[in-house]
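Read in UniProt numbering, the sequence shown has 137 at position 137, and its numbers run on one by one without any break.
Just so you know, the hints here were simulated from the structure itself, not pulled from any lab data.
Note that the coordinates shown come from a computational prediction; the quantities given were computed from them, not determined experimentally.
Any given hint might turn out to be false.
[Stated by the list, open to error] Derived DSS-like pairs: lysine-lysine, alpha-carbon spacing no greater than 30 Å straight-line:
1. Lys-89 - Lys-112
2. Lys-40 - Lys-89
3. Lys-90 - Lys-128
4. Lys-134 - Lys-112
5. Lys-134 - Lys-90
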Amino acid sequence: MRRLRDRGQPDGTRYTLREKLFSVGDDYWIETDGGERAFKVNGKALRVRDTLVVESRSGQELLKIQEKKLTVRDKMEIERDGHTVATVKKALVGIRDRYSIEVEDGDDLSAKGNFVDHEYEIERDGDKVAEVSKRWLRIRDAYGIEVMPDQDDALILAIAVCIEQMGHD
């Protein structure tokens with residue numbers, strides 16, 4: 001999988017996430033590739049309500065991620081201001097996993113690739129909106145996410161957090 005910028009596409013913003021994000025109750029910072037803290041994932045509510053909160057650097061709640069396990073397939077909902085903005089569902093397709101992301105008030109997304117090795121892409125109507133890869137980083141147990149320009153970075157990162165969490169359940 002070649003990086004987005006190697007394909008002549010505009011540079012996206014790169015972030016670093018850690019594998020196995022949480023022990024119950026832990027917080028986690030998502031950083032830019034320059035090491036600057038960009039978003040905080042608050043895991044305090046995880047132990048009680050299966051909920052994660054994505055916050056700005058200043059602590060403002062941007063998105064809430066809630067796991068829903070009462071369906072045939074596990075899914076996680078992402079909320080903004082109390083309203084569901086996206087639902088991430090794991091779809092079993094043969095040997096390879098795939099994720100569908102239903103986006104309220106927008107075009108749906110899909111994620112496909114190798115999720116175990118963190119080498120996958122998030123697409124909208126066949127166009128890449130983000131790419132995930134471990135190859136960009138030399139940090140153990142971490143992977144990079146490049147989000148294309150004009151995307152909702154917090155939402156794309158929340159989707160990646162959902163995929164990480166659902167992959168370890």
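Now the hints, each set against the structure:
Taken as a hint, the Lys-89 and Lys-112 pair is honoured in the structure, with Cα atoms around 12 Å apart against an allowance of 30 Å. The straight-line distance between the Cα atoms of Lys-40 and Lys-89 is roughly 23 Å, inside the 30 Å bound, and the hint therefore holds. The suggested pairing of Lys-90 with Lys-128 holds, with an alpha-carbon distance near 19 Å, which does not exceed 30 Å. Proposed proximity of Lys-134 and Lys-112 is supported: the alpha carbons are some 15 Å apart, at most 30 Å.
This hinted pair checks out: Lys-134 and Lys-90 have alpha carbons roughly 21 Å apart, not beyond 30 Å.
In the structure shown, no violation is registered for any of the earlier numbered hints.
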